[in-house]
Amino acid sequence: MTGTTGTALGAPAERREGRQKVTGAARYAAEYTLPGRAHAWPVPAAIAHGRVTSVDTSAALALPGVLAVLTPGDAPRLAEPEDHTLALLQNPKVPHRGWCVALAVADTLETARAAARAVRVHYAPEPHDVTLVPGHPDAYEPEEAGGQPGRLEQGDPAAAYAAAEVRLDVTYRVPPLHNHPMEPHASTAHWDGDRLTVYTSSQGGSTVRSVLAGMFELPEDHVTAVTEHVGGGFGSKGTPRPDVVLAALAARRTGRPVTVAYPRRHLPTTVGHRAPTVQRLRLGARPDGRLTALLHEVTTHTSRVREFVEQAALPSRVMYATPALLSTHRVTALDVPSPSWMRAPGEAPGMYALESAMDELADALGIDPVELRLRNEPDREPGSGKPFSSRSLVACLREGARRFDWDGRDPRPGTRREGPWLTGTGVAAATYPAAAQPSAAAARALPDGTFTIRINATDIGTGARTVLAQIAADTLGAPLDRVRVEIGHSDLPYAWLAGGSMGTASWGWPVHDACAELASRLAAHPGPLPAEGIETRADTTGKADADSPYAKHAFGAHFAEVAVDTVTGELRVRRLLGVYAAGRILNARTARSQFTGAMVMGLGMALTEHSTLDPAFGDFPEADLASYHVPVHADVPDIEAHWIEEDDPHLNPMGSKGIGEIGIVGTAAALGNAVHHATGIRFRELPLTPDRILAGLLSEG
Amino acid sequence: MTSASHHSEVTLRVNGKPHTLRVDNRRVLLDLLREDLDLTGSKKGCDHGQCGACTVLADGRRVNSCLLLAVTLDGSEITTVEGLGGDGEEPHPLQRAFLDRDAFQCGYCTPGQLCSAVGLLAEAAAGHPSHVTDPAAPSGRPVPLDRTEIRERMSGNLCRCGAYPRIVGAIEDVIE
Ligand code: FES
Ligand code: FES
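Respectively, the protein sequence lines represent chains A and B. Oh and the first sequence: position 468 is 468 in the working numbering, straight run, nothing missing. To convert, count from 1 in the second sequence and add 1000; that's the working numbering.
It should be emphasised that the hints constitute simulated quantities derived from the structure, not laboratory data. The beta carbon of each residue, even a glycine, is placed where N, CA and C say it ideally should be. No incorrect hints appear here.
These stretches of chain B come out as covered by chain A in the derived footprint (C-beta under 8 Å, 3 or more residues):
#, segment
1, 1025 to 1036
2, 1044 to 1053
3, 1073 to 1082
4, 1089 to 1098
5, 1110 to 1119
6, 1144 to 1152
7, 1158 to 1169
If you anchor each label on the Cβ, the simulated ranges turn out as follows:
#, chain 1, residue 1, chain 2, residue 2, range
8, B, 1007, A, 572, 45 to 53 Å
9, B, 1148, A, 626, 18 to 26 Å
10, A, 650, B, 1126, 57 to 65 Å
11, A, 151, B, 1100, 49 to 57 Å
12, B, 1131, A, 193, 57 to 65 Å
13, B, 1020, A, 74, 35 to 43 Å
14, B, 1020, A, 642, 49 to 57 Å
15, B, 1131, A, 19, 29 to 37 Å
16, B, 1148, A, 158, 50 to 58 Å
17, A, 384, B, 1176, 47 to 55 Å
This is chain A alone, in the form it adopts within the complex (with noise of 0.2 Å):
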């Protein structure tokens, strides 16, 4: 291990911002009540294609306390961002519904918002389509998919599946899905002549001042962007999103400052989704399990904004070694509101397909769905050919079959009752990329005896506060109590956002270095410190993002106990176990936290969440928590989480890999099997709500 040579490291320590947060001081990015504050409400596009061909908005102005209502034709001009979902009240053009077409500020809540329902918006309407259909004429491959090639194709695969022994030709389905953190996007503006200052609920403070900058033509450093507390993100904060835009629009043209809180309703369509997949998996294997062909084809859908690709292919290209292998993804741009990043995306919808074939394919063989993934492992990164930095799938699934109590467990489906249940279990792997992204610290010694990290790293929920400090009391050799963070804020050297499960590695990199220095620093340093401090920067530029020649990913085996009514086609998940290997863990605690989170949303996607586009309106009629079900208290059972320790030097200095992800990937897939197992039934379509149990049941009598 470089570097790291204090005890903090991997301590479960307390969150720095617990007490705040549990006191209710904690503010988040609505709750900076400047003094003459407004407050806007976004308009939203009732039709899925076309132009808007007037804005009449004499019936909101006339209602007392309304300051102004932005329309396309009227807004203050903007330059083009290079995400165009930002290009908003630009041009009368209606891309999909939901789009904002006009925005009403006023002085108070009650008042924009009734302002924004009296304002009239006039159409040009056109045909659209937003169904996502296998072989759409309009599809088509995409260069990119997650910064990775569209396609890779090894060997031949159609000849290799062609002639496989064993073949295994299956359909997986995944519907769009909701971000939705507990937080709505929230964005409060304020100009001081032509300096802009936003409290963001962002995910990354400095892409934030970055875009506002390019977009309002100002230099970076005129405008600030605060990010102190995130309600969450899970992806749909991962870039600015409209809210912080039409906050400054608003802001520039009342000169007040204003709060733009996204109504949860609004979200669905506004802040990015998960795209729907189509997922087919063809497997060809020997009879003793071996892979001879992986073919994964994603279907998937992109808005006319921006391509967005859900690159639910990848995780094939990393999991199994076979000698030929086909990964590739097909979009087509449809009417629909821009997709975007969801928790582990790609992996959590391809490790969905990808894993519940490998149980189909274990079944029909006869062999232990565990030990078909150990006889699969392979030697080098399959996709890349290069080595992996460190692999523990194997050590994951002993360890987790050993603690779940996994062998001589009885393989035959729907075997087990207990009255109108029926039970069964099930296993599935996951992986997450292993990355960092150039970030730059400041650490700087008092002479008290005290130390300040600056670093505009955002807390989205992970701790980043907490493990940040534990990473430089580690370098430092000083306790924990004496370090200070700061972060949260674009004055702060530049950093990665919290994304990607990037953050811990790309912030805790040049944390450590300029620690490093300053301890170098002090020890060489006679006598008492100069008043201010002495101060080291780091920046990881050329470093963090230096190519390498190894493959990087975590690794996790999740395995899931359920019992499933046959009367009513209730699903129960009754235990959920998950081992991770993702380097050294820096915080036990939170990492635990992060873990099981995870988990909770990967059974949302198994048993709950489920959104549709519907066909003649264009949107998502599951829009809000009433009708998109996010999994409750009574959903979740007690869930756990354990880890395997890897040393492994090619990482970054703290060893660790990213955690925030990682969770969520195999758990649908070890829910769906356990499902199978327990019924006998092979469900191909999330979410496993009891219509289709039921549906299911019946059917096979």
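With the hints as your guide, set chain B with the ligands onto chain A.
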């Protein structure tokens, strides 16, 4: 239309302090707390009674403050997360238990979970049954709270960070 006809005067006590306010008749308790009193601990997750983030105690009972028009609450005693600990420096035992158990991540649902749990404890003590309470249990007697009871009774409080198992653990901690 004149705004006078759309406003009413209301007096309520919040965390022990009396407040008399002229409020927009459309204003809900949640917005009164957040906008008028700058008590932003109570969170807005949905504004529609679907998430529980706005849960506070009104006369000791847990309520979704986004669903209550402020003008209907004249004379009520409201307790928010800011008032759970009383006047002292020490947090409420449940707040302490949430910290000990790491029963949150982003913290946005947390004030609602806390207020809801305080309300739950009182309801169970007063003998209110839930969907999972044994129908044969004697009515009016305190309902023992096992994990199943706690889960059932807390199911109006969503946590997208998925802290549920630890929230249940924290509530158990204060029962013991
Ligand atoms: S904000 Fe009141 S229940 Fe969601
Ligand atoms: S702690 Fe984030 S929603 Fe519960």
